[in-house]
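Participant: Listed below are the residues making up each chain.
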Amino acid sequence: MTSTTSRRRTVELFLTFAAPLVLLGVWEALSRSGAINPIFWPAPTSLWGTFVELLTEEDLLHDVWLSTVRIFGGFLLGAIPGVVLGLAMGLFWPVRVFLMPLAAALYAIPKIAILPLVMVVFGIGEVSKYMIVALSIFFLVVLNTMSGVLEIDRSFRDVARNLGASRLEMFTTVALPGAMPSIFTGLRLALGFALIVIVGTEFLTVSQGGIGAMIWKSWTILAVKDMMVGLIITGIMGWLLSLLIGLGERLVMPWRAST
Amino acid sequence: MSDSALPSLTGAAAVPASGRLASPVLSTTRLGKQFNTPRGPVKAVEDVTLSFPTGSFNVIVGPSGCGKSTLLRMIAGLEAPTSGELTFGNTHANGVKPSNALVFQGRSLFPWLNLRQNVSYGLRLQGMSRRERNRRADDLLQMVGLRKFARSYPHQVSEGMRQRVAIARALAVDPDILLMDEPFGALDEQTRMLLQEELLRIWESTGKTVIFVTHSLDEALTLADTIIVMSAQPGTVRTAFTVPFSRPRSLAAVRSDPRFAELFTRTWEILRTEVNTAHAQQEQEIAG
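Same order as they appear, the protein sequences are chains A and B.
By our numbering, the letter at position 32 of the first sequence is numbered 731, and the numbering carries on one by one without gaps.
By our numbering, the letter at position 257 of the second sequence is numbered 277, and the numbering carries on one by one without gaps.
Bear in mind the hints are in silico, worked out from the structure with no lab data behind them.
A portion of the hints provided could be inaccurate.
Stated by the list, open to error - Over 10 angstroms on every C-beta distance to chain A, these chain B residues come out as not near it, computed from the model:
#1 Val-62
#2 Ala-100
#3 Arg-127
#4 Ser-128
#5 Arg-155
#6 Leu-215
#7 Ile-222
#8 Pro-264
#9 Phe-284
Claimed, not checked - Residues from chain B shown here face chain A by an in silico Cβ test under 7 angstroms; the list is partial:
#10 Ala-96
#11 Leu-98
#12 Leu-122
#13 Pro-131
#14 Trp-132
#15 Trp-288
We put the beta carbon where it would ideally sit given N, CA and C, even for glycine.
Please put together the full structure from these sequences, using the hints given.
Facilitator: If you want it as structure tokens, here you go:
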């Protein structure tokens with residue numbers, strides 16, 4: 700039993716790193732052989748020096764920090780009200796019927812397209828960064844939370860009602876934990892979206908820094924190696940965010956972790 | 021075979037086999053439920069007049085879709101009757117109406133709570149302190165033989181264990197009436213028989229009034245003081261009769277009793293007509 704589990708662990712660990720390593724290996728080979736233009740596709744190993752340089756001589760860490768704060772600020776600003784509204788829409792059909800057309804329509808608009816409007820309302824500074832992230836993920840969280848509530852087995856609600864649960868208790872002891880798996884699906888997607896949107900936004904506000912600004916700046920001066928480092932860092936940020944949400948899932952839903 | 025061969029109790033107080041106090045903890049008078057569906061109103065339950073003596077074990081059998089679950093849900097307060105009434109007896113001196121707790125078929129334990137938390141859920145709603153409710157929950161888990169699984173989650177234990185926990189959860193709030201909606205329906209035959217014995221043991225030690233819905237005649241004859249046979253939709257009481265086997269009961273004793281076969285056959289004769297009617301209705305519905 701234990702030996703199969705540990706063998707499985709080894710295989711898991713191997714497979715986790717296999718795909719990115721293979722990709723980097725192929726890239727390296729193609730770039731070194733000249734099959735792809737090394738000016739635009741510098742070999743990954745040649746980027747290490749650039750990375751160290753950016754870390755020590757430029758403000759790479761500060762850019763990462765700026766983007767991270769914007770992601771989390773916007774995430775909290777969008778996700779918390781999103782969960783609350785999603786629960787309400789799931790539990791109360793008039794709320795659902797009233798807001799559903801609006802939510803479905805707004806959900807479909809590419810949020811980066813409303814950045815000018817957001818800047819009109821919230822200015823060109825940090826607040827509009829938080830707001831654009833919050834708006835991008837809000838409906839995603841709302842819709843996932845709502846469907847989570849709607850999918851809760853009727854018998855759970857019946858048990859709670861039969862044992863005398865009040866409306867508030869129904870909310871806290873059935874709807875919230877019952878919808879938790881779907882809420883986390885929403886949050887996971889939301890964190891990914893937050894990263895996408897913040898990088899896009901930073902492209903448009905280069906002077907205010909952030910990893911997106913760093914990528915765009917590098918491109919405009921044809922510092923391709925710098926740009927590549929930025930892209931890889933962005934990828935790593937995405938991966939770390941998904942690890943983080945996985946950790947959150949295990950903490951909040953111990954019943955799912957202990958299979 | 022006419023109904024009169026069985027002592028019909030429709031509209032009258034059932035007489036418990038074991039001579040328990042016969043004052044009803046609950047009675048229904050011409051109880052009915054009509055659902056509005058897109059295809060028009062459907063009568064699920066009609067004219068059900070029954071009386072459940074305190075401490076009795078009542079089993080309702082009937083074809084599937086006959087409204088027996090709806091009847092149970094009305095008693096549990098989960099559906100409002102559209103006609104007739106439910107009258108709870110004066111079991112409590114202070115005028116508090118008798119309480120009930122419902123045990124559902126299949127997946128009804130909260131997957132996000134461990135077994136102890138599931139059992140103590142009702143007590144938590146009542147505002148009991150954590151220490152007190154954990155103690156009560158552990159006692160009940162002990163009673164159903166699952167004390168050492170207190171911290172396991174439902175998905176980690178078997179279906180049979182989950183149903184035992186569901187029963188413990190209902191008993192935790194110390195209800196006057198234990199309502200059971202095909203609680204063993206999803207279990208394999210052997211586990212089912214074990215749980216039937218366990219339920220008999222628990223019931224004999226707690227003296228609760230039980231109203232138990234099943235479609236298994238075996239199960240009904242094994243458990244019941246009184247069997248109520250319901251008709252095809254709209255569900256109404258086709259007949260009700262007392263089961264003569266002595267208490268305390270064992271499955272083996274009941275099934276080897278010659279009266280078991282006789283009662284089984286006679287009840288099946290009645291039930292069979294209703295099942296046929298139910299099937300005809302379903303075919304018509306599908307065709308229509």
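Participant: Each hint: holds or not?
Facilitator: Evaluation of the provided hints:
1. Residue placement check: Val-62/B keeps its beta carbon more than 10 angstroms from all beta carbons of chain A (closest about 19 angstroms).
2. Even its closest Cβ contact with chain A, about 13 angstroms, leaves Ala-100/B beyond 10 angstroms, as expected for a residue assigned away from the interface.
3. The claim that Arg-127/B lies off the interface is violated: its Cβ sits roughly 6 angstroms from the closest Cβ of chain A, which falls inside the 10 angstroms cut-off.
4. Distance check for Ser-128/B against chain A: the nearest CB is about 5 angstroms away, which does not clear 10 angstroms, and the non-interface claim fails.
5. The non-interface label for Arg-155/B is consistent with chain A: the shortest C-beta to C-beta separation is roughly 19 angstroms, beyond 10 angstroms.
6. The Cβ of Leu-215/B sits about 19 angstroms from the closest Cβ of chain A, beyond the 10 angstroms cut-off, so the non-interface label holds.
7. Consistency note on Ile-222/B: stated as away from chain A, and its beta-carbon is indeed over 10 angstroms from all of that chain's, at 19 angstroms minimum.
8. Even its closest Cβ contact with chain A, about 33 angstroms, leaves Pro-264/B beyond 10 angstroms, as expected for a residue assigned away from the interface.
9. With a cut of 10 angstroms on Cβ distances, Phe-284/B stays outside the contact zone with chain A, its closest approach being about 31 angstroms.
10. The criterion of a C-beta within 7 angstroms of any C-beta in chain A is met by Ala-96/B, whose closest approach is roughly 5 angstroms, and the hint holds.
11. With 7 angstroms as the threshold, the beta carbon of Leu-98/B comes within range of chain A, its nearest partner Cβ sitting at about 6 angstroms, so the hint holds.
12. A cut of 7 angstroms between beta carbons decides the hint on Leu-122/B: the least distance to chain A is about 5 angstroms, and the hint holds.
13. Taken as an interface hint, Pro-131/B checks out: its beta carbon lies about 6 angstroms from the nearest beta carbon of chain A, inside 7 angstroms.
14. Taking 7 angstroms as the C-beta cut-off, the interface hint given for Trp-132/B holds, the closest approach to chain A being about 4 angstroms.
15. The beta carbon of Trp-288/B comes no nearer than 30 angstroms to any beta carbon in chain A, farther than 7 angstroms, and the hint placing it at the interface is violated.
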